[in-house]
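Construct the complete structure from the given sequences, taking the supplied hints into account.
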Amino acid sequence: YEEGSLLINPIRKLYLRGKHRNINKFVHSIYNKKKEIADFGCGMCCWNVNKLPVYGIDINENILYLAKQEGYLADYKVADITNSGMPDNHYDIIIASEVLEHIRDYHSVIREIYKILRPEGKVIITVPYESFFSLWWIAFWFRVLIQGYLFRDQYFLKSMSHINHFNKRNITELFKKNNFHIEELRLYFGTIIFLVATK
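Quick note, in the working numbering, the sequence shown goes up one by one and the last residue is 310.
For the record, the hints were derived by calculation from the structure and aren't laboratory data.
Incorrect hints may appear among the rest.
As the list claims (entries may be wrong) - Subject to a maximum C-alpha distance of 25 Å in a straight line, what follows is the list of computed DSS-like cross-link-like pairs (lysine-lysine): (1) LYS188 with LYS162; (2) LYS146 with LYS136; (3) LYS136 with LYS162; (4) LYS136 with LYS179; (5) LYS145 with LYS179; (6) LYS162 with LYS179; (7) LYS146 with LYS188; (8) LYS145 with LYS188; (9) LYS145 with LYS162; (10) LYS188 with LYS226; (11) LYS146 with LYS162.
As the list claims (entries may be wrong) - Pair ranges (Cβ atoms, derived): (12) ARG222 with LYS188: 16 to 26 Å; (13) SER219 with ILE141: 23 to 33 Å; (14) SER140 with TYR260: 39 to 49 Å; (15) GLY182 with LEU256: 31 to 41 Å; (16) GLY129 with HIS213: 19 to 29 Å; (17) ARG280 with TYR176: 32 to 42 Å; (18) TYR176 with LYS287: 30 to 40 Å.
Idealized CB from N, CA, C, for every residue including glycine.
In structure tokens form, the structure reads like this:
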């Protein structure tokens, strides 16, 4: 994510910086020092430019260590986000950005988030807007075609590990089905869905 935000590609740069900025802005609008924040599948947690005390959960220990060293995470746990082992009703704010499209059992992730959120806690989700003819969809498949099929890059041949595809309708249904109340659902730059839901 950090490297991606420095890319020359203006669309990719706009996408990543816009996503990070919107997550940061929303978290700051509801955060106070009594609230606990967790980031599921956090990677570098690059949205946290103000160095709030965020607890990161990811399977990549190296990137978690680096994120803590850089001050993006206060602490972390190496864990599968479908079964994090975190205590029930513990967090006030959970972020899962660019995660659900990569997880085969994403229903388990949603249930895990619900379980460890406190009552009235909020989850912030971002996923690519993969509706047919969306700007993201066109750019995504163009990259897969060029870098995957033309240059034989295995990551792109496997569709950049995207195994789930979301639009505004199915992401809304997913969270309502799992007992969340949708607070906000927005589309940014024709590329990303930004969803906030309350337990």
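Notebook entry, point to check: Which hints, by number, does the structure contradict?
Noted result: none
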